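J.: As you go down the protein sequences, you meet chains W and S in turn.
Numbering of the first sequence is given in this note's numbering, commencing with residue 16 and proceeding in unit increments.
Numbering of the second sequence is given in this note's numbering, commencing with residue 223 and proceeding in unit increments.
These are calculated hints, taken from the structure and not from any lab test.
Model, not experiment: these values are computed from the prediction.
Each residue gets a CB set at the ideal place from its N, CA and C atoms; glycine is no exception.
The reader is advised that the hints may include incorrect statements.
A partial selection of chain W residues facing chain S, derived with a Cβ cut-off under 7 Å [claimed, not checked]:
| no. | residue |
| --- | --- |
| 1 | Val183 |
| 2 | Leu194 |
| 3 | Leu201 |
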Amino acid sequence: MLKILKYSFYDLMRSRWSYVYFLFYLLLGVVLLFLNNDLSKAVITLMNVIIILVPLIGTIFGVMYYYNSREFTELLLAQPVKRSSIFLGQYFGVATSLSMSLVIGLGMPFVFYGIFNSNAIWDFSLLLVTGAFLTFIFTALAFVIALSNENKIKGFGYAILLWLFMAVIYDGIFLMSLLYFEDYPLDKFSLVATMLNPVDLSRVLILLKLDISALLGYTGAVFQKFFGTSFGLVLSSALLALWVLVPTFFIWRIAKRKDF
Amino acid sequence: MIKIFQILIFLFIGFGSIQIWAKTITVCSSCSVKTIQQGINQAEEGDTVRVKKGIYKEVDITIDKGIILLGENLPTIDGEDRGEIIKIVADNVTVDGFKIINVGTSYTSDYAAVRVIKRNGFLIQNLELEKLFFGIYLEKSNNGKVLNNKINGDAVNEYNSGNGIQLWYCKDVEVRGNNVQNVRDGIYLEFSDNIIISRNISRNNLRYGLHFMFSNHDVYEYNIFENNGAGVAVMFSKFIEMNHNIFKKNWGTAAFGLLLKEINDAKMTNNVFQENTIGINIEGSNRIEYKNNDFISNGWAIKVRGACYTNILTENNFLYNSFDISYNSNLNDNKFDNNYWSNYTGYDLNKNGIGDVPYRPVKLFSYIVNRTPETIILLRSLFIDIIDFSEKVSPVFTPDDLVDESPKMKPIKHDRR
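The shape of chain W in the complex, shown without the other chains:
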């Protein structure tokens, strides 16, 4: 598995897309820092970008990589290699290279800007960690979709739909249910609903660390109380990890049974 991971990883590192992705974040970081000279504001803008773009790129890239490397995969399958290690290796290769592009691309400008001497360092590291988590989650989901759909168009369609659901539709349903049940106490419900979607969870985790959390008022206080405790933090990291592990398990299971 490690060998395949290494191969996928190096393959991607050499590919144009990783560079484009890396350069995009590098540019974004540099432009943001030059434009507003304010670290915590830059972190807010980055958050907007990360919770929308990272899942999108993770999904699209994952699906694309799987379909593109299909022939190579078939070749590998003919070798005496364990199936699970082929697909898991590919998955980890893609996810690792994507998160590396993200972390290094964004990290570099901020390091040069002097993030280590700033108290925004924790917000920023949280941002990068959630970004990496989101990459792993959505690449895994993309692999699951690609593995279960032979048809490329269908696969892409489902992948986009998945992203749309997580990033937009889920919030819509969430909002509707909040409005519909407005006569009931909604703290617990909104807490649970936020925890269930990795995009929302990351957004709230980052928001709570920023000054802007004061806008959240009473609801924010409830959230702060929950996420501020070590239990809340452990639980939310566990949930994010679960979001990585469950799709990975599915990759493993589908790959084991799949007929080529």
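Chain S: place on chain W using the hints.
T.: Chain S in isolation, oriented as in the chain W frame:
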């Protein structure tokens, strides 16, 4: 003619005698008069008690005649936490140039560093107050001045701390150039009319920078209120003028730049509201004119809670606020006109500096949040941006008539300070 001459002579002698008879009593540790209270006891109406540099451990200094109590090189009066320090119970008293420390804290009586009780024409200036409970406490006193005092408390809890400058049932008082910090309420007024509060700095206070209730016809100008626990709260007052003040950095879940509750017929011009969770929180306030104010980087620039009628907002700048206006009813009797909104995306084809498309300051999301506060947790979600955008294009939920018909294309340059 003779009569006039007599009067003139009388006046001359009269003034002359005051000049001659007004004497100066010096208090110092090596003088014959060693305590301030002794000095005051020996003085007569119109005298000056001059206190030399040193530390005077005294409490309950009672000034019962119209004298000038003058500190030279900032002598210190140390109350040793035993209670009230200076009590003024005569007209025309001046207290000038002291450092007063260690006022006693009590849960039953409001000990103050300087208290004026039912008197006229006092002047309290150039004091430095530290480790205090209440600072300058004026009760039922009129026609006085409180100038250039520095008050620096060490308040930690609201229940056992007092206010910096407190006016209770006062009239025609001027409070100018004071610097108040780390107390409960910086400046507090209750039932006080015709007061001028100007050029004060009130910051880092536990509760409010400025707090007044039932105080009419007052003027607040050129003050700075910064980083106070809950900002500035003004309630149940009429005919207030607030001009050229700065409300800044009152940030927290329950903080606001300015809370207006039951304020009628007021005027607010040339103020700056910067980086507050809520710039102005308005509740039950009518006929207020807001003009030439700047709202910069607030969470909410203006939050209208209800029962607010005939308010006029013109020529204000709304710059980079998360929400410009939040409104909790569909009924709108308030007028927005000629403001600059940084979120405005319209165009100006005839180049007259006024946007051709009206601006709707209430976002759908802020409307939703008002209805169901829990939805705020979706702040900065992509979905919210999408519905805000669609609502902007074709408004369905937000009040129809809540528009700025002629939004400015460029920020308005206001006369500041």
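J.: So, against the hints stated earlier in the document, which numbers end up violated here?
T.: Nothing - there is no hint that the structure violates, so all of them hold.
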